[in-house]
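**Q** Last residue of the sequence shown: 361 in my numbering, with the numbers rising by one and none dropped.
Think of the hints as simulated: they come from the structure by calculation, not from any bench. Don't take every hint at face value.
[Stated by the list, open to error] Straight-line alpha carbon distances no greater than 30 Å define the calculated DSS-like cross-link-like pairs of lysine-lysine that follow:
#, residue 1, residue 2
1, Lys318, Lys339
2, Lys166, Lys318
3, Lys354, Lys204
4, Lys354, Lys318
5, Lys166, Lys96
6, Lys96, Lys76
7, Lys76, Lys204
8, Lys96, Lys157
9, Lys76, Lys166
[Claimed, not checked] Across the chosen pairs, the derived CB separations fall in these ranges:
#, residue 1, residue 2, range
10, Gly228, Ala99, 52 to 62 Å
11, Thr170, Gly47, 29 to 39 Å
12, Pro58, Gln342, 44 to 54 Å
A virtual CB, placed ideally from N, CA and C, is assigned to each residue, including glycine.
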Amino acid sequence: MNYLQACLMAVVVSSSTLVGILHGADLPSWTWAGETMGSRYRVTVANPPDSPTLHSNLIQEVDERLKQINLQMSHYLPESELSRFNKAPAGSPVTISDELELVTRFALEMSRRSNGAFDPTLSPLINLWGFGEAGPALAPPSDAAIQKARQIVGWQKIQFTPQHQLQKQMDGVSLNLSALAKGYAVDEMVRLLQKHGLTNVYASIAGEIRVSGHSPRGGPWRIGISAPLELWRENDPLAAAVELQDMAISTSGDYQKFYYDAEGRRLAHILDPRTGHPVQHDLGSVTVVAPEGIVADALSTTLFVLGAKDGLNFIESWTNAAALFILREKDTQSFRLIPSSRFSKLTGWRAP
10 MNYLQACLMA
20 VVVSSSTLVG
30 ILHGADLPSW
40 TWAGETMGSR
50 YRVTVANPPD
60 SPTLHSNLIQ
70 EVDERLKQIN
80 LQMSHYLPES
90 ELSRFNKAPA
100 GSPVTISDEL
110 ELVTRFALEM
120 SRRSNGAFDP
130 TLSPLINLWG
140 FGEAGPALAP
150 PSDAAIQKAR
160 QIVGWQKIQF
170 TPQHQLQKQM
180 DGVSLNLSAL
190 AKGYAVDEMV
200 RLLQKHGLTN
210 VYASIAGEIR
220 VSGHSPRGGP
230 WRIGISAPLE
240 LWRENDPLAA
250 AVELQDMAIS
260 TSGDYQKFYY
270 DAEGRRLAHI
280 LDPRTGHPVQ
290 HDLGSVTVVA
300 PEGIVADALS
310 TTLFVLGAKD
320 GLNFIESWTN
330 AAALFILREK
340 DTQSFRLIPS
350 SRFSKLTGWR
360 AP
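Work out the full structure: start from the sequences and follow the hints.
**A** Here it is in structure tokens:
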């Protein structure tokens, strides 16, 4: 449910494909950062009130809110609400919080709407390919191992009861909300700040960003979108730049977490739930803007799985969202930008 990545100090966000840019911070601002969900978060408030007490309290409130969300939605923390469901036996309804229900229902709806291109039950396959908590794989898994793992993967294997409890059809089925939990968390960070009357804010966790109002420059938040690392032009990481207000932005790509197999194929961390294999196509990344971080986060993953052609068709069904696809040109060290129909309108981007 988020839509932006704003710009602070011209740094590349290490776990994302977005570059923040901020020139001439004319207005006063508060900025702070911390750790959450295995990543860094950052907050900027432009033109805040002259209140050191409020500033100090907000640092603590944001940190506590993120800890609360992590205790609900982390599949790493053994004591989290999500881990409790993952450990439950098949057919045993598990009572969950309203917040976890909201995010899980959205994940299942995205799975249904994308015909399984998005799937929050992929943990067995993610671990098998070496991209999960089990650590890197020494070699790609066998076809037999992939088929075995796929038996306990599938969003249809998780349902809600009429009493709003969550249950699974098979033992071994588990939920992994990492493709949208950070997006939801930046939404909540912005909501918390807005409750205190702060309207010009930026919140990010890794590459998930949401902004509201204006930046310290007094205008929209300006965000750079990185090119695939191997295609940087004369050490210039930018493929495009956008300007956003009251939106969220998210990028998914294949050039942050990957390895090569014995045949020289790039095996990236984004898996196609429909095949059980890493996505294989010429798409380097896809950036999504939407009103909420959770939407942008989930959509960027979904569109990367679908690829440029099917992804363009899919994003057009989302009225207030848009996407920019970065496609590697075959046999050349260059890339092509493919925007959806609403991308320029929502971001101010113009084709070079």
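**Q** If you test the structure against every hint from before, which numbers come out violated?
**A** none
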